[in-house]
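Engineer: Grab the two chains, each in its own frame, and use the hints to assemble them into the complex.
What follows is each chain in one-letter form.
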Amino acid sequence: MAHSAVPVTARWPDAASAVLVLVLTLGTLGAVAWRAEWDAGLASADWAAIRFTVLQALLSALLSVLLAIPVARALARRRFWGRQLLITLLGAPFLLPVIVAVLGLLAIFGRAGLLNDVLASLGIAPISIFGLHGVVLAHVFFNMPLAVRFILQGWLSIPAERFRLAASLNAPIWRLLEWPMLRAVVPSTFLVIFLLCLTSFAVALTMGGGPRATTVELAIYQAVRFDFDLGRAALLACIQFVLCVLGAALAWRVTGNDPVGTGLDRVVQRWDLARPAVDYCVIVLAAIFLLLPLAMIVLRGLPEVLNMPVMVWAAALRSVFVALGSAALCICMALALALRGGLMVSVVGVMPLAASGLVVGTGAFLLVFPFIRPADVALLVTILVNATLALPFALRSLAPAVAQIKQDYGRLALSLGIAKTSWVRLVILPRIRRPLGFSAGLAAALSMGDLGVIALFAGQSEETLPLAMYRLMGAYRMGSAAGAALLLVALSFALFWICDRWGRTDADM
Amino acid sequence: MLICEKLVLQQGSFSLSADVAFAAGKAVALIGPSGAGKSTLLAAIAGFLAPASGRLQWDDVDLTDMAPGERPVSMLFQDNNLFPHLTAAQNVGLGLRPDLRLNADDRAVAAIALTDVGLAGFDDRKPRDLSGGQQSRVALARVLVADRPVVLLDEPFAALGPAMKDEMLDLVKAKLIAAGKTVIMVTHDPADAQRMAGMAALVAAGEVSAPVATDVLFDNPPPALKAYLG
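Sequences listed follow chains A and B, in order.
Read in order, the letters of the first sequence correspond to residues 1 to 509 in UniProt numbering.
Read in order, the letters of the second sequence correspond to residues 1 to 230 in UniProt numbering.
FYI, nobody ran anything at the bench for these hints, they're computed from the structure.
Please note that a few of the clues may not be correct.
As the list claims (entries may be wrong) - Between beta-carbon pairs, the in silico distance windows are:
1) Arg11/A - Asp124/B: 30 to 38 Å
2) Leu429/A - Pro162/B: 36 to 44 Å
3) Gly121/B - Arg11/A: 37 to 45 Å
4) Ala10/A - Ser34/B: 51 to 59 Å
5) Arg373/A - Lys126/B: 50 to 58 Å
Claimed, not checked - Stretch-level coverage of chain B by chain A, calculated; a stretch enters the list once three of its residues show a Cβ under 8 Å from a Cβ in chain A:
6) 20-27
7) 36-42
As the list claims (entries may be wrong) - Just some of the chain A residues that point at chain B, by a computed CB distance under 8 Å:
8) Asn307
9) Arg411
10) Ile418
Just so you know, these numbers come straight off a predicted model, no measurement behind them.
Heads up, the beta-carbon is just placed ideally off N, CA and C, and yes, glycines get one too.
Next up, chain B with everything else stripped away, as it sits in the complex (with noise of 0.2 Å):
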């Protein structure tokens, strides 16, 4: 279970207050306006942000003064996911390796995960050569891969098309759920969250709430959900 313990983030005069939890192997959507801190709670949970007060907790494992290389979480940014100058396979051998000296078994390994993304035989494709939809399943390939059980999605499908997207939201959920890890994604679209996540959290006034079930929140919206969803 990944535990934010009285969570406060703070960039400038903006500030948000999270005090949840996320249960292990399930997968939440954070829902909410734009500028809320969707964005902002993820950074904060792979690192690239120190809470100004409060803990975060992996099981028994204190994330809070934790590197982001060392951090069991795997992130998938909204762009620039992928090295260019890397083929598929390296990309995705940097989930297994970071210095990226791979053997036979790490190569086996990229391929095997290449092919569960629907990639079979891309391995020496570098991502100039692939269309939006198969950089994204290279991305997923590397974060299946990784020995991390928390992936974080800050939006990497939304410059794909609405088909696309739907198709990868979905090998998310075939690939990554099946997997066992525990998937938090940012959307502002509450079809994404219907599609893809069993739980749903809403960011909102500068405070997260705690996750239920996606069905149940939006049938009956809380006041700041009811004001977004219009």
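Extracted from the complex, chain A is given alone in its bound form (with noise of 0.2 Å):
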């Protein structure tokens, strides 16, 4: 009989944790593809809708990368004061709440915001944020971001020793060096950005509407809340699904990175640099992007933040319950599934990548619909959802710190007689805090900010702070909405730093 070369834990977890799974990304497509109507075919509404579904995601990614390259350029070749501290920021995007970042974007660019001030002081007609602009304004404002993360780590991968080579000889560093590694790095990094712009259902839903600025996950939305068409919803549903997989087929072939990853302190050694000026302003101006929608729901929803009406404060203790609900949930599923380890894992770990939100809402809502009214169930099923789309991030940064536990203790462990629960508690939990910690983090502020499955299911009375804001901003009360903006933003960070911070502490290396 051989044996395992790590300690046996109980198998129901895990197996519970991959049905799930299942249930939610394939159980729910199941649901769509067998309620929708087949029989009707695509109106060229839906047509359009699939084209400026593609076409702002292929706009957003292309302008995003483009824009990204010179910020990274500029950031892996300057060491300046606030460097590390621009390169902490540039990972906040990954965690606000995409609502609040379109408030911010308003404030600057919408209709009564700085810019057609500015505009109007100078004569010139105003300009309207909304449709394909707005939408990809916003998502290159969300991903131009983690393109530079992405980028940086491509620029900071050179050795140092090449640079010094490349000096010596006097040759073309451009050509010899960084030409390749972008030809290496931009293709995943536009792809990646590319699969999130298809699936970003809250940009679309703020910026976009209207047949000529309509998403497939816009139309969905739009058929179940406004026409309660399930069947054609369903049919939506099964396209996004396909466009879905067909991104995150092209994506996975070529990505492997970290979207958070850290190292990227260093400063390459350069010898070839004569013009400051430019790189400086390119940090300035990427910096003033990023910076000012924040100030700016900062200087608008302070003032704001104690008047708000009671239900912004009942809505946000609806989000926090949520975010922390789904967090625990995420981890637990996260946690089971990195110890079983596996093919079987790997598979069930990135299946939510390829699911979208509302795909994954409009199954759940076909599935539920019968039996119970969907509002009833819109937080639990929030908190299935969120969770669920937060575990592949959760996995990768939980799945390989237990394998090399594995890897390095197993052995000892197994030799001692430690098992099943003891393996966990006393070896596995003290020695993942750090990645613990961060995923906990990162699903409770995911979910914290979340408007997708939320806003198909909810009524008045199971609104979350994101939706709460939403209607807000549906209403024209802007500083109401300013004000929940600053607390939904200022919770999810804090909920993420509090598990962060957690994870920190006391952890013994």
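Structural biologist: Structural data, given as structure tokens:
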């Protein structure tokens, strides 16, 4: 009889996690496929939605990457005060609730925003942010920092010795070192962002709309909420699924990067830096583009925080509850799957990446609708879906840590007879505090800011904070919306910070 | 007595056969070129590698199908012998209770064992606050308290300096063998074998030879050992 090289743990937690993920991804897909009205076929509006979805994602990814290259280049070769802080901030949009960023962008580019104030004083007609360019603008705001981090990583992965060698040979650094690096890094970055933009419902909801700027996900939402045409919603959900799978299949082949990677505090030493002014201009412009909308949220939100309607506070409480529930569920599932390891787990772990919150939500809606009023289970479904959608990120940080512990201490534990719960309690949990805290914080923050499934399910009394904020914006109560935005962003970052902090303190490595 | 009865171990194309017995309460050094299978034999005795055929027996108990944690065997590896997040006393306590639910008696036993290996009062230190030699002593204290008569040493002192390594070998001799443990240790250094063990067994050419007195083995080395010693 061969013995496993790692201590045995109970089987049911990972089986239960896998089943939940499969139900929420394949199960909901089955539901939409079954309910889809295939006979109706695609109307011209549907084709327009597909075209718009792909077009905006292509443009967003292209612009994000193009703008990111000079920023990453400048960051890679300049050392200045606040550099590390700026790089840390580049990771922030990942945690920033979409709706908050949208409100911040509206404060700059919106109808009553700073830009139009300036234009008006110059006697130029105001511009409108809504439509394709608004969607792309918001996507660039979110994904340009991500692209900068990916590309900066590429720049810093070029060994310093090569720069030295190139300098001593007086060889063209661009052609010899930088171009090959970009050719390797840029396509994968582009695809990841393209995929993210295919499934960013909240941006389309707030910045898009109308026949010329409706994404497939937005069309699903409208079919459920306004027309209550579930057959059409299901058909659209199938289309969205196909789009996501095609995108994910492309991205899967070319990626493996960590979206919140660390180790970017190095500066490449260079000998060919004639014009620092250009680099610093690029850095300042990027910083303004990223920080100004956030500053506007704080500026406009701060005076409003204390006189927000009670329903905002109630929604905030609900959101914290959802975020904590979803984070707890997410890390339990990730831990169970990571303890199991193996191929099944990596498959289950990436499936949610190809899932769109709206598709999962539509499927869940179809599954519960015949039995319960969807609003009654709005928060529960939101917790389940958010936990599942955050699972790949949690697994990406937990699975390698658990695998390393197994490799380092598995045999020792086995020979000592440490098994099952003792192995998890005595060895695994104390040693994965860092990734555990980080994953919990990530899952909590992502869930806190999520405006997807909840929009399909919730009535007035199940509103989460992002949804309450969206409805305030819809009612043109911009002051209260700004207050809610400030509260939302503060809660999101606080949840992440507390969890991450917990993981860092007293972690004996 | 630990008996390897017509044991055949296989890993890919590598194969090792062992038909030998290790006397209880004695120390045996396994010596031979690297890659000969010394560690493979230990892994099989510890239960990490299932034999392709043959049986493994401790006195009257058949170990062949037993899980590693159930065997009467403690093992020290080349590294990672302590859990870095647990204190010295807790690491020793794992030898008493693998679930670490220690009562006052257990804690007293662990403290005595630490004193025994020269670490009195080090109970609450964590491995990062201990030197390499002290870490090895904690691991030895754990082996000492565990109710397991066989101890396998897979070069756990290889990373220590020569003087420290000799000190550890002397400690193994003074504590483990004195406590009646059966020690089987891997080494590729003849000096270690001579210092520590009364017996030595050659592992070479896919076969484990029967243990003989160390002096005898080195005074009159078989051709395979002669080739290895150079």
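Engineer: Looking at the structure, which of the earlier hints fail to hold?
Structural biologist: 4, 6, 7 and 8
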